[in-house]
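There are 2 protein chains.
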Amino acid sequence: MTKILVIGAGAIGSFYSAKLAQVGVKITLWCRSDYDFIKKNGIKIESYEGDFQFIPHKIIENLHEIDDEFDYILIATKALPSIDIPVLIKNILKPKTKIILIQNGIHIEKNIAENFPNNELISAIAFIGVSRKSLGVICHQEYGKIIIGTYGAKASDAVHFLENLWKKSGIEVLVTDEILLERWKKLVWNGAFNPLSVVLHGKNTTEILNSDLALNLVKNIMNEICNLAKIDNCELPAEIIEKNIVATKKMKPYKTSMLLDFEAGRQMEVEAILGNAIKFAQSKSITTPYLSTIYAIITNY
Amino acid sequence: MTKILVIGAGAIGSFYSAKLAQVGVKITLWCRSDYDFIKKNGIKIESYEGDFQFIPHKIIENLHEIDDEFDYILIATKALPSIDIPVLIKNILKPKTKIILIQNGIHIEKNIAENFPNNELISAIAFIGVSRKSLGVICHQEYGKIIIGTYGAKASDAVHFLENLWKKSGIEVLVTDEILLERWKKLVWNGAFNPLSVVLHGKNTTEILNSDLALNLVKNIMNEICNLAKIDNCELPAEIIEKNIVATKKMKPYKTSMLLDFEAGRQMEVEAILGNAIKFAQSKSITTPYLSTIYAIITNY
Numbered sequence: 013m014t015k016i017l018v019i020g021a022g023a024i025g026s027f028y029s030a031k032l033a034q035v036g037v038k039i040t041l042w043c044r045s046d047y048d049f050i051k052k053n054g055i056k057i058e059s060y061e062g063d064f065q066f067i068p069h070k071i072i073e074n075l076h077e078i079d080d081e082f083d084y085i086l087i088a089t090k091a092l093p094s095i096d097i098p099v100l101i102k103n104i105l106k107p108k109t110k111i112i113l114i115q116n117g118i119h120i121e122k123n124i125a126e127n128f129p130n131n132e133l134i135s136a137i138a139f140i141g142v143s144r145k146s147l148g149v150i151c152h153q154e155y156g157k158i159i160i161g162t163y164g165a166k167a168s169d170a171v172h173f174l175e176n177l178w179k180k181s182g183i184e185v186l187v188t189d190e191i192l193l194e195r196w197k198k199l200v201w202n203g204a205f206n207p208l209s210v211v212l213h214g215k216n217t218t219e220i221l222n223s224d225l226a227l228n229l230v231k232n233i234m235n236e237i238c239n240l241a242k243i244d245n246c247e248l249p250a251e252i253i254e255k256n257i258v259a260t261k262k263m264k265p266y267k268t269s270m271l272l273d274f275e276a277g278r279q280m281e282v283e284a285i286l287g288n289a290i291k292f293a294q295s296k297s298i299t300t301p302y303l304s305t306i307y308a309i310i311t312n313y
Numbered sequence: 013m014t015k016i017l018v019i020g021a022g023a024i025g026s027f028y029s030a031k032l033a034q035v036g037v038k039i040t041l042w043c044r045s046d047y048d049f050i051k052k053n054g055i056k057i058e059s060y061e062g063d064f065q066f067i068p069h070k071i072i073e074n075l076h077e078i079d080d081e082f083d084y085i086l087i088a089t090k091a092l093p094s095i096d097i098p099v100l101i102k103n104i105l106k107p108k109t110k111i112i113l114i115q116n117g118i119h120i121e122k123n124i125a126e127n128f129p130n131n132e133l134i135s136a137i138a139f140i141g142v143s144r145k146s147l148g149v150i151c152h153q154e155y156g157k158i159i160i161g162t163y164g165a166k167a168s169d170a171v172h173f174l175e176n177l178w179k180k181s182g183i184e185v186l187v188t189d190e191i192l193l194e195r196w197k198k199l200v201w202n203g204a205f206n207p208l209s210v211v212l213h214g215k216n217t218t219e220i221l222n223s224d225l226a227l228n229l230v231k232n233i234m235n236e237i238c239n240l241a242k243i244d245n246c247e248l249p250a251e252i253i254e255k256n257i258v259a260t261k262k263m264k265p266y267k268t269s270m271l272l273d274f275e276a277g278r279q280m281e282v283e284a285i286l287g288n289a290i291k292f293a294q295s296k297s298i299t300t301p302y303l304s305t306i307y308a309i310i311t312n313y
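Residue numbers (our numbering), protein chains in the order written: chain L, 13 to 313; chain E, 13 to 313.
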C-alpha cells in the first residue's frame, strides 16, 4: 500500500491527495491551523464533478509525531521564501522516499534537489481552479489537469506510478520528460497576468486585456520570459504569446491567485514567479527591464 | 509700463508675478476659485526671504472681461491635457504679445508654438519650493531660481528684459539659448523620482534611494531619459545621473509634487513628464521599457 505524507493541506494539497485516497493511497495529512476540525470531520471536497468526503488515513498536527516511512512526500504549500521545505522534511525523508512538489513558479526545485541529491524529485504543475471555501471545505470549480515529470531527468517509473494512480481517480495527467520546459510555458502566463493584476490595482484578466497599455505590458513581459526560457534551453513555440492572449480572451474575467492573495493580505508568490526568473537573467547577464520594474514595484507592497 | 496677464494663480504663478509686481509690472491676475477673497485682500506671500503682500493691478474672474492688450501672457497652470492653453488665450493674444510658459515637463511648448507661430514663446523652468498654504496665502519655503529662454531660438531681447525684471526683484535668473536641453536636464530627475514616488506607494526621495531595487529603477529611468535627450539633440553631461543621485541624497526626505498631487486626489502631470517623452521615443521607434512600464501603471491610478 502506497503511503504519502502531504505537507500543505491547502486547496491544492487537499484536492490532489483526496483523489489519491480515493484509489487506496494511505494519506498522512499534516494540518496546522485546522487540525481539530479536520481530525474530527475530514475534508469535504465540493467538486463540479461531484462532491465527496476525504478522510485521510492519518492526520498529524506536528511533524515531530511522525514515525512512519513514506513512499512519497507531497509538498503543496505555497512557494514562499518563508517556508523552508528542506528544514521541514529533512528528518522525515528516508533514502527511498520520493518528493513530489506541486507549486507555482520557475526554478523552485533547485533548493530541494541540492539538499537531497539522492532522493528523486518529482515536479508537478497543477492547472486547476480550487480554493478553500470554509473550515474543512475545499471547492473545486474547474479544470484539474496535472503535469508531472522527474526534475532534471526523464520521467521515472515513480512518475508513471503516480500517473496511473491519479488517472484511475479521474484526474487528467500529462507525463513529461521536460518539466522545466512546462514550467517556463506556464510562467509565460503567470509571470505576466499575476503581478500585473496587482500592480494595475486589482484588474482582472479581462480588464488587463481591454487596456492597450496593459496589454502591451503583458506582451513585453511574456517576450522577456520566452527569451529567458530559450537561454535556459527551453525553446517555446513562437506563437505561445499570441495563443496565451487569445485563450485568456476566451476566459471569464478572472482574478489571479496573486491578486486574491494580495486582497486577502496573504503573502504573494513573488519570488517563485518573478524573483527566480530575474535571478536567472542576472546570472546570465541579461537585462529584463519589464520584469525588473514590475518586481521592484510589487516587492514594495 | 509693462503689462502682464497671469493665467494660473496657483503658488508658482502667484509667486513669480508677485515678484514682478514688486518692480513695477502691472499684473492682471485671472482668479477663478478664490476670486472674492483675493479681490478684497490680495495674496500674502510668506517667504523664507521675508513676507510681503501682493496686490495685483487688476483681478479678473472671467477671461471674457479682458479688454486690455498685454506685453506678456504668463502661463503657470499645471501642465495637464485637460487645460487647453491655446483655447484659453486665443482671444486675448495680440500680435505683439509674448507668451511665457512656466511649467514642468518636456515638449510642452509644441502645442502653443504651433497654434501661435507668430508670437514669441518664452519657456521657463522654475526651481522652487512654493505651495498654497491657505486661501490667499502662498508659502515660499526654498530656492526660487528660474531658467528662461526663447523656445526654439536664441534668447531674445524680451527674455533679457524679463531677466532684468526678475533679477531686480531678487530672483535668481539664468538665461539660456538651449531651453530644450534644460528641460531634458530637469526631466532626468522629474521623470524618475516623481512617478516612482507614486507607484512605490508614497515613498519620499530618501526612501527611494534607500531601496536598492528602487534606486536601480531610478538609474534605469534616468538612463532612458538621457538616451532620448541625445536623440533630441540634447547631449547631457555623462555624469548627470550620478550627480542627481548624490544631490538627492543630500536633500531632506522630500515628497515629490506628483506624490502630493496623488495624495490630495489632484490630477498628476503624467503626460507632460512621462507621456510626452514616451511619445517622442515612439516617433523615433525607440523602446523605453522602464518609462513605458511606469507610465502604464501610473495611468491606471
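Treat the hints with care, since some could be wrong.
Put simply, identical chains are the same to the list, so a pair is met inside one copy or across any two.
Said to hold, decoys possible - List time: in silico DSSO-like cross-link candidates among lysine-lysine, alpha-carbon distance up to 30 Å:
#1 Lys242 to Lys231
#2 Lys231 to Lys296
#3 Lys179 to Lys296
#4 Lys267 to Lys108
#5 Lys231 to Lys264
#6 Lys262 to Lys70
#7 Lys108 to Lys291
#8 Lys264 to Lys122
#9 Lys231 to Lys291
#10 Lys264 to Lys52
#11 Lys179 to Lys291
#12 Lys122 to Lys262
#13 Lys15 to Lys231
Worth flagging that the hints you see were computed from the coordinates, not collected in a lab.
Results for each hint:
| no. | hint | in the structure |
| --- | --- | --- |
| 1 | Lys242 to Lys231 | both (16 Å within a copy, 28 Å between copies) |
| 2 | Lys231 to Lys296 | both (22 Å within a copy, 21 Å between copies) |
| 3 | Lys179 to Lys296 | neither (39 Å within a copy, 56 Å between copies) |
| 4 | Lys267 to Lys108 | neither (40 Å within a copy, 59 Å between copies) |
| 5 | Lys231 to Lys264 | within (20 Å within a copy, 39 Å between copies) |
| 6 | Lys262 to Lys70 | neither (42 Å within a copy, 62 Å between copies) |
| 7 | Lys108 to Lys291 | neither (32 Å within a copy, 61 Å between copies) |
| 8 | Lys264 to Lys122 | neither (35 Å within a copy, 44 Å between copies) |
| 9 | Lys231 to Lys291 | both (21 Å within a copy, 19 Å between copies) |
| 10 | Lys264 to Lys52 | neither (37 Å within a copy, 60 Å between copies) |
| 11 | Lys179 to Lys291 | neither (36 Å within a copy, 54 Å between copies) |
| 12 | Lys122 to Lys262 | neither (35 Å within a copy, 43 Å between copies) |
| 13 | Lys15 to Lys231 | neither (44 Å within a copy, 54 Å between copies) |
Checked against the numbered hints above, the structure violates hints 3, 4, 6, 7, 8, 10, 11, 12, 13; every other hint is satisfied.
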